[in-house]
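Trainee: Chain by chain, the residues run as shown.
There are 2 protein chains.
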Amino acid sequence: MAIRYELIKECKQSGARLGRLHTPHGVINTPIFMPVGTAATVKAMTPEELKEMDAEIILSNTYHLFLRPGHELIEKAGGLHKFMNWDRPILTDSGGFQVFSLGDLRKITEEGVEFRSHIDGSKQFLSPEKATEVQNALGSDIMMAFDECAPYPADYDYVKNSLERTTRWAKRCKDAHKNPDTQALFGIVQGGMYKDLREQSVRELLELDFPGYSVGGLSVGEPKDLMNEVLEYTVPLLPKDKPRYLMGVGSPDALIDGVIRGIDMFDCVLPTRIARNGQCMTSQGKVVIKHAKYREDFTPLDPECDCYTCKNYTKAYLRHLYKANEILSARLLSTHNLHFLISLMKDVRQAIMDDRLLDFREEFFKKYYGDIKPV
Amino acid sequence: MAIRYELIKECKQSGARLGRLHTPHGVINTPIFMPVGTAATVKAMTPEELKEMDAEIILSNTYHLFLRPGHELIEKAGGLHKFMNWDRPILTDSGGFQVFSLGDLRKITEEGVEFRSHIDGSKQFLSPEKATEVQNALGSDIMMAFDECAPYPADYDYVKNSLERTTRWAKRCKDAHKNPDTQALFGIVQGGMYKDLREQSVRELLELDFPGYSVGGLSVGEPKDLMNEVLEYTVPLLPKDKPRYLMGVGSPDALIDGVIRGIDMFDCVLPTRIARNGQCMTSQGKVVIKHAKYREDFTPLDPECDCYTCKNYTKAYLRHLYKANEILSARLLSTHNLHFLISLMKDVRQAIMDDRLLDFREEFFKKYYGDIKPV
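Taken in sequence, the protein lines are chains A and B. Each residue of the first sequence is one higher than the last, beginning at 1 in this note's numbering. Each residue of the second sequence is one higher than the last, beginning at 1 in this note's numbering.
These are computed hints drawn from the structure, not numbers from a lab. Any given hint might turn out to be false.
Because identical chains cannot be distinguished in the list, a pair is counted as satisfied if it fits within a single copy or across any two copies.
With a straight-line Cα cutoff of 25 Å, these simulated PhoX-like cross-link-like pairs (lysine-lysine) come out [to be verified]:
(1) Lys367 <-> Lys293
(2) Lys82 <-> Lys130
(3) Lys311 <-> Lys51
(4) Lys240 <-> Lys286
(5) Lys178 <-> Lys130
(6) Lys224 <-> Lys130
Construct the complete structure from the given sequences, taking the supplied hints into account.
Mentor: Below you can see the structure in the form of structure tokens.
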């Protein structure tokens, strides 16, 4: 087995759990937030900077690397770790979500998905076998099965057909997987917002016995309450001795509420994307750096933060860099936002250790959102 | 006096000289290349990275900082050093070159220059007094007098009038300068490509007794031979106990040929600007990273370089980042190019120390340009 999940402790106040995931490139502490390095780089950051903020694992995108520079090239370079100079664990997605998001530019059949590249319009094809081949070439520690992510809203029959295809595709991924000893392949639970379909999906995937499971088809436009509801009835069906991953989630509330429902792993482009738009997550809530009120604000972005940005620069300077469209702006704000989420997850792990995650949630929500939403 | 120039040694093979310039924020070794931080940031770089590559002094632009964020704001922040978190010396230009480059957008009178901001089109005014006030507010170690930079080509009468106004303006800058004990104001020699006008300009400026002199009006489109010719008859007229600065020059050949003619300081946006366009200066000459031949080139950008980029990444990866328009591309290539020029100047200083700058020039030109241009 490529990975091993070690359950350290369950929170007495919630469904949260503290664990360690042992991978070929090192151990990660869960629950964890994974920064996204779409094109073999976490945008604006170096690997050393990610390590300095204690990023333990990053995610990279199969769809993007398949199209550019191509997985064969990365394989020739010695794999994705070596290509991008990152020696800690990497999780790759399957490309499924990206190709389905292409809308009219793609055509789904039982065999796979034909689509047009967003880069040059060329005709491309991804299937369970191809997505697995690509991820084998990349050499990620954790791979994802090629799934069909149903949109929201979608009717019952559509979602049922889609989840059943996802199971058949998961089987094909498993059969095509060449390196089960060094790369762990996760199954993805689908089933939309329908409880019995989620149960069916879990049941079918458990039969295939994956080393980890993702809850897919969430964070696709549904209200957060609905996402939490789906997690509440889906996560308990998953085996306790395997890691559980919620894809594409990165807002502080969704991270905490996901952990409370038993999720171990998260990823999202949110912290780096909003950083490039001048938006920051801070202990005092969201800061939009271009606001005029920060023009002569010579205090740090977040007075409670000890990241490189907050230790060395003022809001006035960060505002100036943003307005002048300087690359350093994207760097400094990305540094802060990633550090913020990674630190948040450290605090979350401590709160689980102390059996007080619900108390922590209340304290955090009050400070960050100014009110306590119901759990 | 804000600064003191210490002449260590003159090269026996050329007009080059080795020196140290003592400034309020530390000592710099000359001849030196100064990275440009136009808008209070050397594009894509942090101060720590600049220090790691031994950048001893940087330049920042009065024109840009005057317009955005404004010198009053930077003064309130505690000065430019504190605002941008750089504690080593800073040289600021006067804004003269930038406003004259605006063409139809500016109007010159004896009083100063009225112009339209390139940012918002607002009407603005810079004069000797204003440019001095701005630089006093910024708190740079070395300030430049507000000069009129004649274009190339320009007729004799135009250049003569322009240099005489530059002298009058230099006097007004000196009179307006509030901090001569902590900020050194340099005079700028004009006179275009006319020997007697250069002599006149030097004569007039020497009477004003500046702590340093720049040779202005070069690198404005004239052939390199002509620039070298002007330096040959202008630099020897300048006092030996003061630093000499050639503005806007950053190509390896022009740096070496400037040093050979007695120049001590240089600045240019070239290394960072071409980096953002995927072009690199290496010991093997220029590399255009997007070229297809680097697609599967898993060797460093420059095998003889020990910069962060060359120690950790391959040409194939750098090419990928550039083609994917990743911010890390600008970072890694800027790092390399700045490191290259700073290292080149270290080698140049060693060659002066060893009385072999002409030999060094020949070796370098052979390797970089593939041929030995006449000195």
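Trainee: All the hints need checking, so say for each whether the structure fits it.
Mentor: Here is how each hint holds up against the structure:
1. Within a single copy, Lys367 and Lys293 get their C-alpha atoms as close as 20 Å, which meets the 25 Å cut-off; across copies the closest is 54 Å, which misses it.
2. Taking identical chains as interchangeable, the C-alpha atoms of Lys82 and Lys130 lie at most 25 Å apart only when both belong to the same chain, with a minimum of 22 Å there against 53 Å between chains.
3. For the identical chains of this complex, Lys311 and Lys51 are neighbours both inside a copy (17 Å) and across copies (18 Å), given an alpha-carbon limit of 25 Å.
4. Neither within a single protomer nor between protomers do Lys240 and Lys286 lie at most 25 Å apart by alpha-carbon distance, with minima of 35 Å and 57 Å respectively.
5. For the identical chains of this complex, Lys178 and Lys130 are intra-copy neighbours only, at 12 Å inside a copy versus 70 Å across copies, given an alpha-carbon limit of 25 Å.
6. For a Cα distance limit of 25 Å, the shortest separation of Lys224 from Lys130 qualifies neither inside one copy, at 33 Å, nor across copies, at 56 Å.
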